[in-house]
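Participant: Taken in order, these protein sequences are the chains called A and B.
So for the first sequence, the UniProt record's numbering puts the first residue at 1; every next one is plus one.
So for the second sequence, the UniProt record's numbering puts the first residue at 1; every next one is plus one.
If you are wondering where the hints come from, they were derived from the structure by calculation, not from laboratory data.
All figures in this text were calculated on a predicted structure; none of them were measured in a lab.
Check the hints yourself; a few may be wrong.
Okay, the calculated beta carbon distance ranges per label pair [claimed, not checked]: (1) 95(B) <-> 172(A): 49 to 57 Å; (2) 171(B) <-> 192(A): 25 to 33 Å; (3) 227(A) <-> 210(B): 41 to 49 Å; (4) 2(A) <-> 215(B): 41 to 49 Å; (5) 243(B) <-> 184(A): 19 to 27 Å; (6) 186(A) <-> 215(B): 58 to 66 Å.
Coverage of chain B stretches by chain A, computed from C-beta distances (three or more under 8 Å per stretch; other residues unrestricted) [stated by the list, open to error]: (7) 13-25; (8) 56-70; (9) 178-192.
All residues carry an ideal CB built from backbone N, CA and C; glycine is no exception.
Number of protein chains: 2
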Amino acid sequence: MNPVIETIMSHRSIRQFKDERISNEQISSIIKAAQMAPSSRFMQTYSIIGITNPLIKKELGKITGLTYVENNGHFLLFCADLHRLTIKASDKEKQNMQDMLESTQFYQIATIDASLAAQNAALAAESMGLGVVYIGAIAKGLPEIDKLLNIPSHVIPLFGMAIGFPDQQPEIKPRLPLEAVYFENQYNTNMDEQQELIEGYDQKMKAYYETRSENQRADTWSCKNIALFQKKADAHFSQYVKEKRMNLL
Amino acid sequence: MNPVIETIMSHRSIRQFKDERISNEQISSIIKAAQMAPSSRFMQTYSIIGITNPLIKKELGKITGLTYVENNGHFLLFCADLHRLTIKASDKEKQNMQDMLESTQFYQIATIDASLAAQNAALAAESMGLGVVYIGAIAKGLPEIDKLLNIPSHVIPLFGMAIGFPDQQPEIKPRLPLEAVYFENQYNTNMDEQQELIEGYDQKMKAYYETRSENQRADTWSCKNIALFQKKADAHFSQYVKEKRMNLL
Numbered sequence: 001m002n003p004v005i006e007t008i009m010s011h012r013s014i015r016q017f018k019d020e021r022i023s024n025e026q027i028s029s030i031i032k033a034a035q036m037a038p039s040s041r042f043m044q045t046y047s048i049i050g051i052t053n054p055l056i057k058k059e060l061g062k063i064t065g066l067t068y069v070e071n072n073g074h075f076l077l078f079c080a081d082l083h084r085l086t087i088k089a090s091d092k093e094k095q096n097m098q099d100m101l102e103s104t105q106f107y108q109i110a111t112i113d114a115s116l117a118a119q120n121a122a123l124a125a126e127s128m129g130l131g132v133v134y135i136g137a138i139a140k141g142l143p144e145i146d147k148l149l150n151i152p153s154h155v156i157p158l159f160g161m162a163i164g165f166p167d168q169q170p171e172i173k174p175r176l177p178l179e180a181v182y183f184e185n186q187y188n189t190n191m192d193e194q195q196e197l198i199e200g201y202d203q204k205m206k207a208y209y210e211t212r213s214e215n216q217r218a219d220t221w222s223c224k225n226i227a228l229f230q231k232k233a234d235a236h237f238s239q240y241v242k243e244k245r246m247n248l249l
Numbered sequence: 001m002n003p004v005i006e007t008i009m010s011h012r013s014i015r016q017f018k019d020e021r022i023s024n025e026q027i028s029s030i031i032k033a034a035q036m037a038p039s040s041r042f043m044q045t046y047s048i049i050g051i052t053n054p055l056i057k058k059e060l061g062k063i064t065g066l067t068y069v070e071n072n073g074h075f076l077l078f079c080a081d082l083h084r085l086t087i088k089a090s091d092k093e094k095q096n097m098q099d100m101l102e103s104t105q106f107y108q109i110a111t112i113d114a115s116l117a118a119q120n121a122a123l124a125a126e127s128m129g130l131g132v133v134y135i136g137a138i139a140k141g142l143p144e145i146d147k148l149l150n151i152p153s154h155v156i157p158l159f160g161m162a163i164g165f166p167d168q169q170p171e172i173k174p175r176l177p178l179e180a181v182y183f184e185n186q187y188n189t190n191m192d193e194q195q196e197l198i199e200g201y202d203q204k205m206k207a208y209y210e211t212r213s214e215n216q217r218a219d220t221w222s223c224k225n226i227a228l229f230q231k232k233a234d235a236h237f238s239q240y241v242k243e244k245r246m247n248l249l
């Protein structure tokens, strides 16, 4: 196993950090690593906002309800960003750009660009012995975050990333069996096979949830997902995206 | 620079591969690396389809118009996949899940999950001396690909990835200045500053496009992007996503 694959295979999310900021040199390496990710048509349609102001971190901690959003070595917010593409356009060109800026296709493209950059950032941080955790819970207060960070149209925050010196060493979570996520030549729609694979994985995760060092509970992977999806969709979410003039067409 | 950051910083897309398949062992390492990516609420909402059938590869080459989609060491298709979450649900539970399955929020989440997995796969491949290129051009024929690969509802192909033994060594493309993508505490809406940064980058990219070893042209980064966005949005794209029962709410 080479050092890259070793770093990848050692990933666990870290949610408890030492009270120590990461250095500006580390931040710079992490951002430069993010920038080296591939991007669709080389458009680089993402932005990253680093939060150093303790008041803003406190506010983000409140919005997400997560202590480690406030208490970490650094906090990054990853945004899908189509706005930058318009900066050098004339008024007339800008006008003509609206249709594609507002399309689902470019909302998806910018989301992918930002995600590829983020995973480079995460691995760069982990390769330096830092821990990271992605923060999807920013979705709980997108309009507030938007205002707080002065985010323009055609830009939306996708997720945060807390980074820092790990103050815990959780177990690595077992993943789905390879055959459940990887198919050859066509999607596997043999439901008996798929059910059997998921059933086996549910038993494995049940044992994991029951015996892990923290946050033990009685649950399976399927049960927790199915329970989560019994709720109604959050209409505010798609409304927010549309108000930012993305995903309209 | 540690070996992980070195691999990240050496990325260039490879579009010409030697006529040699990568080994099953390499494929397995790449997929396992993909699986170790973080995923939202540990839902692992992605699937990967590896294409080994030469007829299907030929077809995908035709759809995308790209020779390297057919000619490579292996081809992966990354999909956002919410379908798997329903496999163990009862009919009644499945019914209740539809709302969230059809939401923009979970379309975005699955897109991010698949992208994080893909970037792990890309770096794992590159760490073994292989080259990769992401293929966004599958968007040219989503309904055909859907049929060809038997893809169920709540699953959509996002992009392909051609992998193989590199038969070219292109230059590394200069990225945007760090200050153009990374902001502190709030989004930089100082347009004069941003315009100056992009102007400087346009000049840098102009020199790059004029002097690189292949595919030379007279262009700037901004001009090529603005030109691309003068077209109308592809309505078939968002229609396809909606037909797959995603991004509806």
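Participant: Please go over all the hints and tell whether each is borne out by the structure.
Facilitator: Status of each hint after checking the structure:
1. 95(B) <-> 172(A): 49 to 57 Å: violated (35 Å)
2. 171(B) <-> 192(A): 25 to 33 Å: violated (51 Å)
3. 227(A) <-> 210(B): 41 to 49 Å: violated (57 Å)
4. 2(A) <-> 215(B): 41 to 49 Å: violated (31 Å)
5. 243(B) <-> 184(A): 19 to 27 Å: Hint holds: Cβ distance 25 Å, inside 19 to 27 Å.
6. 186(A) <-> 215(B): 58 to 66 Å: At roughly 34 Å between Cβ atoms, residue 215(B) and residue 186(A) fall outside 58 to 66 Å, so the hint is violated.
7. 13-25: violated (count 1)
8. 56-70: Result for this restraint: violated, n = 1.
9. 178-192: holds (count 11)
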